[in-house]
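Using the hints, put the two chains back together into the complex; each one sits in its own frame.
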Amino acid sequence: MMTQSLITVTRGGATAQITLALLAVAALVLAGLPWLSGIGGSGRAVALLVYILLAVMWNALAGFAGLVSIGQTLFFGVAAYITIRLADAGVDPYVAILLAIAAGALLGWITSLFMLSLSGGEFAIGMWVLSSLAHLCVNLDPLIQGETGTSLIALNAYALETRSAWTLWLALAVTVAVLAALVVLLRSRTGAAITAIRDDEIGSRSIGVDVIRTKRIVFVLAATGTAAAGALWLASNTTFQPRAYFGVQWTAYMLFMVLVGGLGRIEGALIGALLFFVIETLFGAFGAWYLVGLGAVAVGFALFLPNGIWGWIGPRLPGEAIPTGYLITEINKTSREEN
Amino acid sequence: MMGLVISAALLGGYYAILATGLAFMYSVMNIINLAHGALIVLAAYGLYVLGTQGIALPVGIVVMSVAMFAFGMLLHKTVLSRASGGGELLPLLATFGIAIILDNLMFQTFGADNLSLAPFVGDLSWASFELPGDIFVGQLSVYILVAALIIIALIETLMRRTDLGRRIQATSQDRATASLLGINTGRTAAIATGIALATGVFAATAMGLRSAWGPYSGSAQLLFAFEAVVIGGIGSMWRVLIGAMILAFAQSIGAAIHPQGFLIGGHLTFLIVVFYRLPTWRNAIAKFRQARVQA
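First to last, the sequence lines map onto chains L and S.
For the first sequence, the working numbering gives the first residue as 1193, with consecutive numbering after it.
For the second sequence, the working numbering gives the first residue as 198, with consecutive numbering after it.
Here chain S stands alone, though its shape is the one from the complex (with noise of 0.2 Å):
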């Protein structure tokens, strides 16, 4: 039972990771990327390419975040910014089509293989910590939850104590006004595509040290990432955390009912929140706590 707790926990770290960049993306320019899956499978694809380069994983992924900072940009310019003007669908359809060129040229490129980064990293994709009680607890998990926290901290400072967070925050509010305040609002939507692809790279980390990957892996991870956002809610990066969470017990419990359980589990949740979001039911439910309140 307590392996069980534990367990989910650790697997929430890895949505959380997984679901930061689609939520930084979403929170600061109102756009749900599509291809958030797909740039992530991206990122694993690079980083596997320089593994068997033999250059160090660490090493690898400050080049990738870099590499993948300056493709967020160059995508910003190219794609995105046009997108964004032409009303709400044009960057969903947009993201979309991207999403689909990116897997079939990875699948084209890299055939159709599941790949692993574990052979980079020695023992660490099996090592474990001993916990009291004859538990024991992957190394690999741990360290992606504490990556998480770290990131989701470091994203939250980004916003609320520097002045390019105040600047990202005033283009994503009212780009009209950021920029007759002499705020560069494409340069700074272009930055903030890049930081949200970069934080894709440290997912593409964690999804290729946990389980093999291949050119089509992407949809999945966008749905978990996805899932994530919507039961945490919009509005601070912790949300994010809580969402993750919350899906990785349902997706653990819903195992343990029947083994193909684990993502019925997710999904069911996911829509058992969007129920609880409707009007119409917070309505009711509000007027039954009022009434239960004056019995």
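Isolated chain L, as found in the complex (with noise of 0.2 Å):
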């Protein structure tokens, strides 16, 4: 017997819609912060954009690329260094974050050239070396003084409430900026190219992707969404101490965002970041037996729930929530008839 099938090809659907109309909702209520909640709120709610946008670069490298970096750091805290060495040669300081985060974009392709090479542990390791050689290096500048560090005076020529909403407002731009540009190029020829990466390398090399490339594109973009959240860092809590910005805390958290949330899946990431977001602000104050908590709930989500929250709610909804494959619908015409 015939069967006949009808196959319509989407992107999305409702959870698509529902998804977006909730990030767009959020992003408002974030962008009204300055006259809903005043100083206090923007600045936590810059704390918020900074985390998730760790959290969608390190899982973009880590769950796209393969790429487990323990030294993103080192854009991070780039950023923020540069972004003070601009402001103190006279630049304007919203100015000087824009331009850090283009130096972050360059700083990420120079490394690209030469660390792409290395795989796993190699790879994971070897950014860390450059991100305390880069930690060292920016000790030696006379104007940090060491582990002293410094502050972004140039952002007392605004009042304390114009800057505290503009770093806001420039923190969601960015933010959503960064989010869209990862869809986009999920969504591209090259989005194909990172899924077949991830799930096989070599199979996917054997069929003409060229994965240098393919990864190189996904690094430039961690690099820069990561020099960013250094950069609004800076803007948010205007002092710079190296070790507050080169510490390996900040993988910490990474790690535990992504792994929480879900690797390879941008939704898990934004669950992760939000979620440490709450965990931060409960129990913060708690220091190291904090992070002992944070290290070991990652470890277990690596070991027992791998794909983690997401990858639970994920596959129990009607299609993505943000849409980056296709949904294929089959309507089955004979066993239509049969019914």
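The hints are simulated quantities; they were obtained by calculation from the structure and are not laboratory data.
Incorrect hints may have been included.
Said to hold, decoys possible - Quick list of the computed label-pair ranges, beta carbon to beta carbon:
no.: 1; chain 1: S; residue 1: 376; chain 2: L; residue 2: 1404; range: 32 to 40 Å
no.: 2; chain 1: L; residue 1: 1507; chain 2: S; residue 2: 311; range: 48 to 56 Å
no.: 3; chain 1: L; residue 1: 1199; chain 2: S; residue 2: 432; range: 51 to 59 Å
Stated by the list, open to error - Covered by chain S, per the in silico footprint, the following chain L stretches (three or more residues, Cβ under 8 Å):
no.: 4; segment: 1258-1272
no.: 5; segment: 1312-1324
no.: 6; segment: 1489-1497
Glycine residues also receive a C-beta, built at the ideal position from the N, C-alpha and C atoms.
Rendered as structure tokens:
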């Protein structure tokens, strides 16, 4: 008996529309915070956006390109340092932040030229060596004075209310732009290559995927987003102590957010960042015990729930929340007639 | 000058003893153990606690070696065997998580104070040998270098001449075939992890005697060990010794150039080695050599 199938191919669906609406509402609320909750609220909102940037970028690197990096603080710290340096040279602090983000992209491209020939653990610690090297070099700068650090004094040119609102809006704009860039990238031809590499690197090479080029695109995007996070963190906190920017605790945060949220999915990184923000607000004061808890939960997820929270939610939804693939619906005609 | 060379070589001995456990686990199980440094610091705290109970350091080393061997087997059974089944990312993520847990647990348990094992060994930490030409060499550093050589030689003998070594090699090369041949691969891998952690006790002794250390000292030790392994290259354990020596010389030269140059010298050497290993560079160098031969 002949079976005739009708196949419809779409991106997303109702789930995607609801997710988009939710994200839009969230962005609007964040943008309105300066009027709703004042300076304190804006500061916490920037922290949330920085966590989102870090989680989404680390997830792109580890989940999509298969590159675990312990040294993403390289871009985080260097971008903050460049912002300080440019502002000290008389550049407007907000222009300095944008330039530092561009410098982060350039640094990412240069780094990718030699680091991508490493893989697995060698890449992971190799990035850490680079981050340590940058940390040591920043400490040598007389403006920074070793671990004493300095602050972004140039921000004082703006009133406190003005600058906390501007920083929040800039953070929001950058986060939305980076997220949009990632979604567009994943839906493009390169996105198909990224998915292929994630699933089987050797197999994808054999069918003609340029693995190094594809990994480089993801790596540079991740460097740019992480650099943006560092510059924004500086704009929000104004003080720059090298250890607070190059410290390994940031890697622990990224690891926690991505593993708990769900490795390899943008939705997972978003949930992980939100969850981390809540946990940090509630338990951050517990210091080292808090870090023990974060580490333990991250290891637990890695071993027992490697797909994270989204790995549990995602398959239970009709369609993708942030659609990067295709939704194929098959309507089987003959079986319908039999019914 | 001679003094500088000798002290760099002795420092290389310390890095070699740091790096053997890491290199052993990497070559045998293909896992870069990111908790390597934290586990060494844990062993050092163990030695310190035993020392304050009046137990002599050599006895403490034996006790801690057994304890860390058991801990390694436990670690493999609970974490590593599960993690290594899930691709190459999971062991990295899991061992990094363990490092974070251990670092902060040790901070909570023992506080932020920097400790030293030197009080348990009398005058050994400052005693020195006098060489002709008015050169004084710290006895401790010499013993550390000798210990590194002995440990590397023992691991090489274990791997090449004993039944256990052959079982470990078979397991590392092809787990499925090895278990087909009747090797208990899970147990063999657990023993290998135990051996790696037990060598960490000697690294802990060396670290504890030669410098002050605290709960967060592990990450620096991991970086040194890793740089030594990458510079030396994978293969024989003796390459680790060469890598450690090169790292120590690079750091000593860096320190001679600039007071802050010690670590920078090591990191830059690591990067140069990574650069040199790039396929494009190697091809370019090979072409250059060919052209010179033809000319």
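- Query: Which numbered hints are broken by the structure, listed smallest first?
  - Reply: none
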